[in-house]
Structures are given as structure tokens and as C-alpha cells.
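*Asks:* One-letter residues, chain by chain:
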Amino acid sequence: MSNFSYESKFKYDPSDLFGHMQEEFPQESEFDVVIIGAGPNGLIAAAYLAKAGLSVAVCERRFEVGGGLATEENLYPCYASNPHVLYHMMVDYMPAIRDFDLDGPALTWIKPNAQTGMVFEDGSSILMSRMVQDTKDSISKYSFKDAITFGSVIRKWRKIVDEIVAPATYVPPMAPIEITMAMERTELGREMLELGEYSPFEIITNTFEHEKVRTMMLYASCMWGLDPHETGLGFMVPLMLDRTVNKCYCYGGSHKFGSALAREVVKHGGLILEAAGVDKIIMQNGRAVGVQLAHEGRVLRAKAVMSTLDPHTTFLDLVGREHLPDSILGDVEGWAWDKWSFNTLHIAADEPPKYACDDPWIDEAFATVIGIESVDQLISHWDNVAAGRLDLTSFGGHSTCESLLDPTLSDRPGKYVSMFQIHAPYGIEGGWLDRRKEVQEAMLSRWQKAAPNLTHDKIVSIGMEDPEEIEIRFPQMRRGAIKHGDYGPLQMGCFRPNQDCSGTDTPIEGLYVCGASTYPGGLVLGGPGYLGANKVAEDMAIAKWWRPTSEMERYIRIYLQE
Amino acid sequence: MGKDERFDIVIVGAGPNGMTTAAYLAKCGLSVCVLEERTECGGACETQEPIPGVRIYPHAMLMYASAAPGFEQLELHKYGFRMEWEPTNPMEAANAGLACTDGWRAISDADKLGWAKIGGMLGQPPFTRELLRATFWCPPHPSDVEVTDENTPYMQVYKKHQPDIWTPELREMTMFDLMDEHLETEPFKTGMAFAAWASGAAGHWEGVAIPAALCVQLLTLPNTGKNSIPRGGLHGYFHAIHRAAVHRGAVIRTSCPVDEILIEDGRAVGVRLRETAAAGGKTIRANKAVIAACDVHQAFLKMVGPKHLDPALIRTIKDISLKNQTLYVSVFHTKKQLTYKERFRELGEARYVGENRQPGLGIYPCDSREIYYENVRDVDGRKGQPTVPPERALWFQTPPQSFDPTDCQASYPRGYISNAFEMAVTSPDYHTEGEDALDRHKDEMDRFMRESYSQMVDGLDDDNLIHHWSATGRDIEFRNTGLIGGTWCGSRHDEDQLWTNRPLPELARYRTPIEGLYHAHQTSGHPGGLCLMAIPYNLMHILIEDGIAEPGKWWYASPYYIPQEGKISARRP
Ligand SMILES: Cc1cc2nc3c(=O)[nH]c(=O)nc-3n(C[C@H](O)[C@H](O)[C@H](O)COP(=O)(O)OP(=O)(O)OC[C@H]3O[C@@H](n4cnc5c(N)ncnc54)[C@H](O)[C@@H]3O)c2cc1C
Ligand SMILES: Cc1cc2nc3c(=O)[nH]c(=O)nc-3n(C[C@H](O)[C@H](O)[C@H](O)COP(=O)(O)OP(=O)(O)OC[C@H]3O[C@@H](n4cnc5c(N)ncnc54)[C@H](O)[C@@H]3O)c2cc1C
Chain A
1 MSNFSYESKF KYDPSDLFGH MQEEFPQESE FDVVIIGAGP NGLIAAAYLA
51 KAGLSVAVCE RRFEVGGGLA TEENLYPCYA SNPHVLYHMM VDYMPAIRDF
101 DLDGPALTWI KPNAQTGMVF EDGSSILMSR MVQDTKDSIS KYSFKDAITF
151 GSVIRKWRKI VDEIVAPATY VPPMAPIEIT MAMERTELGR EMLELGEYSP
201 FEIITNTFEH EKVRTMMLYA SCMWGLDPHE TGLGFMVPLM LDRTVNKCYC
251 YGGSHKFGSA LAREVVKHGG LILEAAGVDK IIMQNGRAVG VQLAHEGRVL
301 RAKAVMSTLD PHTTFLDLVG REHLPDSILG DVEGWAWDKW SFNTLHIAAD
351 EPPKYACDDP WIDEAFATVI GIESVDQLIS HWDNVAAGRL DLTSFGGHST
401 CESLLDPTLS DRPGKYVSMF QIHAPYGIEG GWLDRRKEVQ EAMLSRWQKA
451 APNLTHDKIV SIGMEDPEEI EIRFPQMRRG AIKHGDYGPL QMGCFRPNQD
501 CSGTDTPIEG LYVCGASTYP GGLVLGGPGY LGANKVAEDM AIAKWWRPTS
551 EMERYIRIYL QE
Chain B
563 MGKDERFDIV IVGAGPNGMT TAAYLAKCGL SVCVLEERTE CGGACETQEP
613 IPGVRIYPHA MLMYASAAPG FEQLELHKYG FRMEWEPTNP MEAANAGLAC
663 TDGWRAISDA DKLGWAKIGG MLGQPPFTRE LLRATFWCPP HPSDVEVTDE
713 NTPYMQVYKK HQPDIWTPEL REMTMFDLMD EHLETEPFKT GMAFAAWASG
763 AAGHWEGVAI PAALCVQLLT LPNTGKNSIP RGGLHGYFHA IHRAAVHRGA
813 VIRTSCPVDE ILIEDGRAVG VRLRETAAAG GKTIRANKAV IAACDVHQAF
863 LKMVGPKHLD PALIRTIKDI SLKNQTLYVS VFHTKKQLTY KERFRELGEA
913 RYVGENRQPG LGIYPCDSRE IYYENVRDVD GRKGQPTVPP ERALWFQTPP
963 QSFDPTDCQA SYPRGYISNA FEMAVTSPDY HTEGEDALDR HKDEMDRFMR
1013 ESYSQMVDGL DDDNLIHHWS ATGRDIEFRN TGLIGGTWCG SRHDEDQLWT
1063 NRPLPELARY RTPIEGLYHA HQTSGHPGGL CLMAIPYNLM HILIEDGIAE
1113 PGKWWYASPY YIPQEGKISA RRP
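Quick mapping for you: the protein sequence lines, in order, are chains A and B.
When the letters of the first sequence are read in order and numbered with our numbering, they come out as residues 1 to 562.
When the letters of the second sequence are read in order and numbered with our numbering, they come out as residues 563 to 1135.
Derived from the structure by calculation, the hints contain no laboratory data.
Remember, predicted model here, so these are calculated numbers, not experimental data.
A couple of the hints might just be wrong.
Listed below are the simulated EDC-like cross-link pairs for lysine to aspartate or glutamate, each with C-alpha atoms no more than 16 Å apart in a straight line [unchecked claim]: (1) B/K679 / B/D742; (2) A/K11 / B/D742; (3) A/K11 / B/E634; (4) A/K9 / B/E634.
Just some of the chain B residues that point at chain A, by a computed CB distance under 8 Å [claimed, not checked]: (5) G642; (6) G794; (7) R976; (8) G996; (9) A999.
Covered by chain A, according to a simulated footprint, are these stretches of chain B (three or more residues, beta-carbon under 8 Å) [unchecked claim]: (10) 609-623; (11) 626-635; (12) 680-694; (13) 713-723; (14) 730-743.
Every residue gets a Cβ at the ideal spot worked out from N, C-alpha and C, and that includes glycine.
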């Protein structure tokens, strides 16, 4: 039975014409754990804790679970695509996928060899593949030296990822000094530390010599929001590059990952409420004791409340300023949103895009970068965006034909859905409502220039989701913040979202935070939710049914154990 | 891939009927696997958000299921089922009038009383739930039992509680006949007949007066007489069913279309998935039963296939009539809110709904049954593009999303959303200009729709309109292959295809000529379309009879159910 407690007050009375015929979820109920938000992190936290035997409820504001794991018919009618998460970067390492057996019949992960291409205006191209030698072959067109470098560097970086960065994602954060001490233990660790002293721009330009290769590598390093010029997070460059050639597609659409996680929650007795936005975290004697649902006033009491929302929503809107200790108020108010958001064009067409370039395999690539010609141009595009501008004569982004990987997205046979996504400012000069049309046309013509077969007559349907709309769909992605907050040295590691809360517990007893704004951060890493579940299990002294993955065990053994 | 997987029960299709069946059987302790072709469960009970902040229910939108035993038997409240109860209600206002070409017409007291009486509300105590359950939640009688006035469930209920409705002709009548006897004004009768045509059986079909009237009552009467909806829309109600199934251990596999039902020695033993399935062409075995919860044509003609069925049966299955209308659903995005035309303003305030004050229009135009006939003649008779002028085209508009505060529509920051306008049009498979006619005529149809709707409201002009989302029956059919013919309920709910005739007398009790194969889809089982949890409840009686399901104490059978001789009775002592 769904093992929460409540008092049933329902009685059917035929003579009461205005009475109800069926019982509803109770007005007041009691759980061990209530989780706010059913994105990947909320669902992962819920699944672990429900399977541990706790009574768990997840409250989700939307009509559907998944958060960023969304697949919607956004080219209505008949064509679906993934408006948010499309590239699954951490399938290889995420503990939740292994612990719940989500690879196999439950979910099918596709990892194409042709991963990320870049097409230049002159018809040349680079293709980064899962198989290192294929990537080297492609780079060798420009520089044999870079090809060789890529081979040796990616091999080393892969080790850094495999041995350190990936497993560390699922281990609680450490203070910088502790990290330094841990990393000093091995050669690999010292190399990683050294990378931290450089900016992504420096790392890439120091490593590669050819302009086109550098452009490709820099795009791949920073597309998720690393600042190309900032030092301190250089250790993430290996992760970003390694993941660029190892990302997966979720067959049937990203939402399937969300549904599969939700079924794990429910199978183990957890409850999920959709259309259940939380508008208040109930505080009693300085402790978080439950939540209240917007519009319907239902109250769910709990020993632990876990929020996966951004710091503003959790602390200022739901808890309330008056309950916040001074130690975190300043940090919460000073939280920096992502420096850029995404603007995404979706189309359904008679054909997939066919890029005019020297490498036919580019057409099969999971992602293709277009419109970016040089490092300088890329950086000025990003600088523009960070400053609220979009230069429509010089911009670029990445595109994917989802139908090539997944025929289920198009209900009309023989049609293909594709998307083209660019970094874009939330607060664009002139406002999105007024500039939408112009931006859409510019994006389409940029795309058509790279893929001349996408003529207007072949396009059956077109739609665009701008950064303001990201926030309309998901209010916790404030200012279109795809990761609920910027990646910068002061908002990463043990500073995410601040030093008091990065271990997922907070100075407020009974309140935990475990969304993208908590360590290790945004994207579908499955880290915050996993770490939140671990913390709650420890605080409640519940036996964990799961063990760290083998990579985590190795990492702990080499770097953390006495 | 290893050995074939095995379950007690394999269900094909995760629409409301497949999933409810899974929830019932999992609750009986059986191991159940549900295979769904699409990536998301829900069948025609789904919600989409095509642009952020705008939600469209492309198919099912309104709650008809309140009287279902399933709420209690499956304990949906424990799985988060919640309703939205106090909407600013268009139907309440509809009590004041029906929209006709020259403005509102009052509904008389006699109309209200007569309608309440048909719905069982005047009984002492009211017997609405019992009446609805008898009509929809009771399996058809066994084929060797002659159906009579005495044993027809709704006849028994009326006889007991409201004898003045009971007449020897009641089973033969049309809904219009019934209304002529008990109601007063023409607009009210016309409106209800149209609502019935769009909800189940039509107002002018013989022999289905009560099912036709009651499928409208399913919507309006139970629970407050108001038009209430589940939080999160009908898909939210589906979620509660889905969770009830999963929590009891049902295994759900999406992106897994079934190509073939495996038959060995005349018995269904499992299914084979299509090559493009997420689990790639594999076989899944069923120890006890395979249940086809997908459309009847596909299930028999393709998945079972001609080699296992005799040609006469194949012919009658092919002939199952889909000559039903389909609903053309429109949602509008406008710069300014739509407003009533002058002649409808008098009811003004009461009929604006929700935070953003969307007009709640109801059914238009209800002047007389002549208008209804003209529309039916176009759609079911001529089967082509409308010949009625736009000012006489019949349509309805219900804005449930506007009165559900959990839906973001009402607070959409980039203009106004008006949902959902629906008009009955010819289903694509029977369109005389070919099945792709609706594709070719889409722009013209969209214009026709706007012109029709503009009879009642201002604001659908090019200056004010930002976007018109429309889905034709053809789109419907592509989106969900369960909706064969692109019609909302598949096979027609007429006398020849209802109750002990649905879809054919030999298939009426959900059994098939193949041992171990049952069907449970709107196109194939009584009572047909709508998300009622009725087919699964009715099917349970049969699965108990066949010794497949052995429910616990929570189960109760329909009081009007007649067990089949020689089988285990589904009635508990
Ligand atoms: C356009 C775009 C593209 C992206 N592409 C990728 C990609 O390719 N790969 C990748 O890994 N990541 C991608 N991301 C980032 C990714 O979507 C997020 O980082 C990730 O979803 C964060 O997960 P989460 O569980 O922390 O929160 P979310 O996924 O944001 O989920 C939070 C949930 O909380 C709900 N909620 C909000 N307010 C309330 C409330 N008051 N009460 C209850 N519930 C509430 C929301 O509805 C939501 O379901 C993309 C994001 C965007 C916007
Ligand atoms: C426009 C419209 C408006 C409607 N309005 C309402 C309303 O307001 N209220 C209401 O209650 N009802 C309404 N309905 C009707 C309601 O949606 C249907 O009656 C109901 O969904 C039928 O449920 P089902 O489970 O029988 O079939 P379906 O919902 O059709 O589900 C069948 C499932 O089987 C799957 N399937 C098909 N073939 C295969 C295969 N080979 N392998 C695996 N899976 C397969 C399909 O993908 C689908 O998910 C409306 C319908 C339409 C079209």
C-alpha cells in the first residue's frame, strides 16, 4: 500500500446531490519525506528513499513529471521533440541508472559513434566520434599534430574523468583545501589540479594549434556554461570533452527517462502528485515540517522536506525570509543565474538536414555545430549573449535531427523533426516578444545556409522556444537558467548553492536542497538527487539498500580513505 | 537477448482501458505486462504543452467517470486522485440559457425537472449513481440469455425507482422521443441531442435513448451537477490509474508496439514486438491471457490475422462501423480576449470563466432539431466537407482548462488562450474525397471553424488572432493508432453495436474465438468510448468467470450482471 497515513473522511451519500461520488486524496496527510519538484533529481531522491521503505511524496507543479526530462508535441499536431534535455551526458556513470536497472528493457540508450560535428562556411568540417581514431582522422585534415595530441590528451583526460571527476560527482563535496590534499595523492590528481589553474580558453589554445580544431574544442568545452576565460574550473574541460563524445539519446524521448524513474518511485510505494505546485514550506519552531499545495490548500506533513528548486524559490518564496538564518540570506540573494540561456528552433520537415560539407558522416552526427567559424567569433558571440545582445549576422549553435535516432517522435510517417539551439540572453535588447520573429528567421536562414536542402517547401511545421518561455514552462529555471544557476568557481563544488547547503542539508532543520542548484550541479547528472537521498537516509538512520558504484568505490579508496 | 519474458497477463495498449485492466489484474495478484506503442502512456487521454504555458488536451478533456466502481476498487485516492470542484462554472450558467442564433433561450423549469428525472435525481433517495452504473458498468448478458425489458439493467432501475420513465417502448425509442415526453423546449432538446452525439449515442438513433441521454448525464449530473474536472486534466486521472497499476507490480513498457499475437494450438500464448520497438522484435509470453486493449481492426485483422479466424468473422470485423463523426478540435491564441457578440451579452458576467475571463459558450446553435439534422446529414450522410453554412454548423466549446487553476492557461502572460472548440465532422476513413481529404482541406476547415465560432464571439479575426491550433481526425489517427477512422470512439454506439451487440454479438462478452485472448478497447467492448474504467470493470466479471482473475474482498460485481452458465460466478456470496 502507499504507506502514508491520513484520516479518511469520505462517505458516499446518494441523497446529497451535490456530494462527491468518489474519494479523493486527503486534505491532510503525513509522510516521512516530501519532495518538491519531479525533475530528474526529485525523482531520483524519491526512488532511493521509497525503496528504502520510507513513505515518500513528490509534489510536481506541472501536469507531467520529468522536469527538464520533457518530450512534448511542440510542433502540434503530430510532431514531438525534446524541448529541454536531449543530450544525456552521464548515462555511463549515473548510479541511479545502475541501481534501478534502467538500461535494458526499461530504457534504451543510444550512443551513436558520430557524436558532434562542426561545419564551416567554406564546406570543411570536423567530426568528433566516440571512437577516438575516427576523431583523429577528422582532425588530421587540418593538423596532424593536433590529431596526435587529441589522441594522447583524450586518453589522459578520459582517465581523469573515469577515475576522479565522474565518480566525484556522486560523492559529497569537499572544501578546496581538502580537494587539493586528496588530489596530491596521485599523478593523475596533480594533473587535474593543474588544469584548474587555467581557463578553458587557455587549456584549449595551449593544447591545439589549428584554429578550426580549437574552435570545435572550445565550443564543446563551454557549451554548457563554463566561462571560457575564467580560471578555477579547468578540471571540467576533460569532463566536457570526454562527455561530448560519449553522450546518449534516450529512445522514445527524454521524458521516458522521467517516466521510468517515476515508475520506480511508485513501484516502491512512493506517491507522486502532479498539478501540485507547492506554495509554502510549513515551518514550526524553526523546523520545516511539511508543504502546502497552491490553489487547493492541501497539506502534506513530513519529517524531511527536500526541495529541488532554485535557491530563490526555496528559501525566499517557500520558506520565507523571516525564517532564514543570516548565514545564508546573503548567499541566496546574491545567487547568480546562468550567464546565458538557450533559444531553440524546432522544425518538422520532409528530410533531415543535409549539411553542405566535405564529410557525409556529419549528417549522421548526434549534434552538429553550425555558424561558428573561429575562436574569436565564438567568444564574441558568447560575450554578446552575456551582455544581453544577439548579433544576428554572426552567431551559431548546435543542431540535431532527433528523428534519425528516434522514429517515434514523428507520428506522420516520412517526416523528420530537428532542432537548432543557440546560446541566447534572457533579457534580450528589445525583448523576446518583439524580437522573436526576426531571431527565428535569422536562425532558419543560418541553418539553411549550412544545410541547403532545408528549403521552405520541405518544412512542414516550425516552432521556437525562447528563454522567457523556458521560464514560463519552468519557473524554477529563473531567467531561463537551464542549470538553476551559473557555473562559476563561487557557485560550484562546496559553494553550490552555498557552503551551508552544498551537502544537501541546510541550516533549517528538516529542510534539504537537492536540485540542479546544489552540488554537483545542473544537467541530468543525477548527482544532487542521489546525494540528497544519501544524506536523508543517513540523518534518519535508515539502512541503505544501495552501494556506491565500482568507480565511486575506487575513487574513495584512492583519494579519500585514510 | 536472453529467454523470453513471461507474465501471467500481457496487455496490448496503455490507453485508459489497457491501464485500468492492468490495475485490476495486478490487484488480483497477477503478474502483468503492458505494452504500449507510443512513448507515453494514456492513449487518447493526454495533455500536451505545444508552447510553454499553453496546454492542449488533444482528445479527452472532460470527466465522465465519476460513478465508476473503479475509484473505490482501485483506491485511486491513495494514488493522488484529486478533482477541481469549485470552478466558475459555465454549466451553471447554462442553466440559465442555451445559445441560439438570435441569442439565449431560457431553459424552462419543466426542462430542468424532466432532465433531472431522466437522470434519477428525483428519486427518493436519488438513484443517479445506480442508474449510471447499471447502464455503463455491467457486462452484457450471456448470449443465451434473451435480453428483455425485465433484465435490461437500466429498465430494472427505472422500474424500481422511477416507474413513470419506464414504458414498454423505452428500449426502442430515440433520445428525441424520450425528451419529447419529458422535456419542454426545443433548444434544450437540441442541445442535449448534440451533446449525446458528441459523447456517445446520437439523439436520433433508435433503441439507444437511455444510453444517449445518460452519456450526457455522466458529464453533467454526478457530483454537484457541475462540470468538474480532475486536477491536471483527464491525464491526471489517468496518472492515478497508472500508479495503481505500477504500485501493484504491473510492468509497463513504452515504445513497444506489438505486431503479432502469438497463437499456439488455438490459444493466445504471448505477443511479438515490432522491430522498431525499444525491446527490438522480441517475444513476450503470457501464461494466462493476452488482452488486446488496442483497436478492434488492428487486433483481429493484423495481430491475430486471417489464418486464425474464419472468413465470415473477418468480414463482420471489417464491417464494424466506424461511420462516426470525428471531433475537429481548435484552440486559439489571441492578442485580446474573445468577447461575446452583442446579442449574447445579456448573460454577460455569469458566463466568463477563470482568471482571464474566457467566454464559456456551451453548445451553438440550438434553435431546433432541424439544425441538428442538417449537421448530421452532412457528417454521417453526405460524408464530405460541410454544406451547412458556417452560421448553422453545430459546435460546442468547453473551457475546462480555464477553471482549473493548476493549468497555466488562465495566467498565460503572452496573450489569451481559448479552448477548446469542437465541431463534429466526417471521419477521415469515410470521407468521400478520400482519407487524406482533411489534410487537403485543413486551411479551409480552419477558416470555416473560425467563421462558425464567430457567430457567438468577436476576436477570431486576423488582426486579433495569433495562432489557431487545430487537430483534424486525420491527425488524431496518426497520433494514436487506437483511434481508428480518426473517430473519437472508434465504432459507432448505435443499437447494432452496443451492449450485447458490441462490437458483434459473438465478441460481446470480451471473449474471442481464440482461447486466452480477450479484448478491452473502446472500439470493441461495451460501453465503448470515454474514459470510464467501465470496460475493465465489466471484463473483470468475465475473467473471474474464466478462472483467470480471483479478486479479494474489495471486489463487487454489478448487481445486474447475469453469470454465464457453467462458469464461476463473478458475484461474491
Ligand atoms: C532548453 C534546455 C536544454 C537543455 N538541454 C540539456 C541537455 O541536453 N542535457 C542535459 O543534461 N541537460 C539539459 N538541460 C538542463 C536540464 O534540463 C536541467 O539542468 C535539469 O533538468 C535539472 O534537473 P532538476 O531535477 O534539478 O530540476 P528540473 O528538471 O528543473 O525539475 C524541477 C521540477 O520542479 C517543478 N516545480 C517548479 N516549481 C515547483 C513548485 N513550486 N512546486 C512543485 N514543483 C515545482 C518543475 O515543474 C520541475 O518539474 C537543458 C535545459 C534547457 C532549459
Ligand atoms: C477528440 C476526442 C475528444 C474526446 N473527449 C473525451 C472526453 O472529453 N472525455 C472522455 O472521457 N473521453 C473523451 N474521448 C474518448 C476517450 O479519449 C477514449 O474513449 C479513450 O481514450 C479510449 O481508451 P482506450 O484505452 O480504449 O483506447 P486508446 O485511448 O485508443 O488507447 C489505446 C492504446 O493502444 C496503443 N496501441 C495501439 N496499437 C498498438 C500496438 N500495436 N502495440 C502496442 N500498443 C498499441 C495506442 O498507442 C494507445 O495508447 C475523446 C476522444 C477524442 C478523439
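*Asks:* So, for every hint listed, does it hold in this structure?
*Replies:* Now the hints, each set against the structure:
1. B/K679 / B/D742: Within the cut-off at roughly 14 Å; holds.
2. A/K11 / B/D742: violated, 37 Å
3. A/K11 / B/E634: holds, 11 Å
4. A/K9 / B/E634: holds, 14 Å
5. G642: This interface hint holds because 5 Å falls under the 8 Å limit.
6. G794: holds, 3 Å
7. R976: holds, 6 Å
8. G996: This interface hint is violated because 16 Å lies over the 8 Å limit.
9. A999: Check failed: Cβ of B/A999 comes no nearer than 16 Å to chain A, outside 8 Å.
10. 609-623: Coverage by chain A holds for the region 609-623 of chain B (10 residues, Cβ < 8 Å).
11. 626-635: Holds: 5 residues of the region 626-635 of chain B have a Cβ under 8 Å from chain A.
12. 680-694: holds (count 7)
13. 713-723: violated (count 0)
14. 730-743: violated (count 0)
Against the hints set out earlier in the document, violations occur for numbers 2, 8, 9, 13 and 14.
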